[in-house]
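Trainee: If you want the building blocks of each chain, they are given just below.
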Amino acid sequence: MNRTREPRRPRILYLSFYFPPSRASGVYRARATANYLAQQGWDVTAFASPISFLHEVIGSVDERLAETVDPRIRVERPPLSQFAWERDLRRFSRFRGLSPVMAGKAYRLGLSKIFPEHYLSWAAASVRRALAMHARRRFDVVLATGNPFASFAAAWMIHRLTGVPFAVDYRDAWTLNMFEEKPAYPDGHLAWKWEQRILRDASASIFVNNPLRAWYAERYPNSADRMMVVPNGWDPDLFGQGEPVEAASTDPTRPLRFSFLGTVNNTQPVEQLADAFERARRHPDLAGAQLHIHGHLGYFKQSQSELMKRLGLADPAGEPGTDTGISYRGAVSKTDVGQVYQDSDVLVFLAGGARYVTSGKIFEYMASGRPIVSVHAPGIAAQDVLAGYPLWFNPNSLDVDEIANSMIAAGKAARDMTPQVRAEAQAHAAAFTREAVTAPLEARLRAMVKRTIATGAEAS
Amino acid sequence: MTTVRENSETATATAGRQPRVLLLSFNLAPHDRVIELATRLLDQGTRVDLLVMDDAGWQGLAGRPNLRIHSLDGAERRHVVMRAERAAVFRGPAAVLTGLGKLTGERPVRPLVKGHQRAAGAFHRRIFMKSYAAIRPLVLSRLFERRLPALGIDDVDVIIASDVLTVTLGWKLAKRFPKAIATTSLDVPALPAAN
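Listed in order, the protein sequences are those of chains H and R. In terms of the working numbering, the first sequence is numbered consecutively and its last residue is 460. In terms of the working numbering, the second sequence is numbered consecutively and its last residue is 195.
The calculated BS3-like cross-link candidates involving lysine-lysine, where the alpha carbons are at most 30 Å apart (straight line), are: (1) Lys172/R x Lys130/R; (2) Lys193/H x Lys450/H; (3) Lys193/H x Lys113/H; (4) Lys130/R x Lys113/H; (5) Lys182/H x Lys193/H; (6) Lys114/R x Lys102/R; (7) Lys113/H x Lys182/H; (8) Lys130/R x Lys105/H; (9) Lys114/R x Lys130/R; (10) Lys172/R x Lys105/H; (11) Lys105/H x Lys175/R; (12) Lys175/R x Lys130/R.
A few chain R residues facing chain H, derived, Cβ under 10 Å: (13) Ala133; (14) Pro137; (15) Leu138; (16) Ala161; (17) Val164; (18) Thr166; (19) Thr168; (20) Lys172; (21) Leu173; (22) Ala174; (23) Lys175; (24) Ala182; (25) Thr184; (26) Ser185.
No lab work stands behind these hints: they were computed from the structure. Beta carbons: idealized from backbone N, C-alpha and C, even for Gly.
Please construct the entire structure, taking both the sequences and the accompanying hints into account.
Mentor: As structure tokens, then:
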């Protein structure tokens, strides 16, 4: 009997701690990568954080986002020790309850001698589970995304123990403090040793913009030829079809609506935004204009009150503030963001840091075809993708008056919008769909597979 | 960081009763956040029982209504472990050297006395205290447990262990008061309104 063996689907292990239903800002890249790989015929297994960690420590999940994960993806959730976050004394082990000093020392010893992150236990559990799964049916490639960077260490360890090639996706910088633009760790720190060995052995390392790639290439020249840039993109399936370009013009009788969508955090020039908007509203064109903040204030519930104050808003539990035109509209499910954009006339691109920061949100902003006002330090990496966007209003400064003038100009552009201008703006964004930006990564991963595999995309 | 679960919990205080918090703070110099927490609890009308090693760091709150401060008043120094160390490392050798001085005169013994003081001090700081630190939360929890019946703490809504030395006592009290929130969080817990 003459039997021919069909090449089987390539199998990938994707180490992505933040994965839906997490609502962490980096989760969309992970979701899109896993979905794209599944659509391209990969057998995808994702290792993600325990659900209890999302509920108890992070404090929020987006269940509707979880529904957008391709059902062919197998999601495993290795356990994580919550030693660093646990506050409930009843949940302390007997050892920690009776000997908290020794328990703390033992825990810190692991961080100082093994891996300097609280997610170490998750990485160790991931390695154990990966080895068990690999023994039953082998993986062809391991892809890890950070943060947390313990996932990189897990990928490296799996590679050392099994020989499976691996790639690391620097969704964030690890040893570079992107906001202060200097090394995040002192010389000799354990993180440098880990990063050196990971980049030495990784078949590919991926960065979100060219300045970041260049910083790493300079530090690790022997690995530079295996480094690549995969920018963040926008997700057409979450964004929706949007309104037709014919509906471009803004109702001239109602005040303009400015919107920020994303996570407000302490690195962003929040005060400058609030002050500039207050000044811009004095202009007749922006009379009665509103600025709606959609999304989360900080990464943890405890951050909300401080950021509310910085925005000039009253604490939810406190007295109402004066009318600044700024209001916090709360979190938005990723599946509802299309409606937020449709209801906005101008988008405010508020970002912290500078040279190394792109921000995933900017791609979606561009896809909306709305005027965008920049509120960030000059020289931010996001300028590379915004360059050529016809509705970008960049004060190129954090001067409050300059920002206010840009807001006024953007407001005018919203009033004067034509279908043609909006179509041009959206055409610029089309180059940054997730599919377009992820395709080179998929090709690189496919090239890493050592045996014969099936090729081509599968219907989703 | 505080976990969200705790913040969302509300103490199950009996309706009509003033909420009661047991705040444990064994650091000799209490952290500003702990003092601030105690102040905010008192401001909102909560009864606070404060268990401390020494009340010197809490003078700013002394006399506040609804606040009771329970101090160990040096009981730790009288604990058998501390007494044994003092006897074996300081007093015993010092007594021997004193006796030797009486026999031989002070002058030849003086270098030995100085050497002993240096060695005993170094042993106390570098070896004894480092070892003792491991069992210190247990020692302190036992000292306070003996005093608890006299303190009249028969019900409590929240137990807050504010530093690592208080964890063992807090962990044990969590078992004694199964309905109370027992936490290391320094955020103001959700409590029913005081009457």
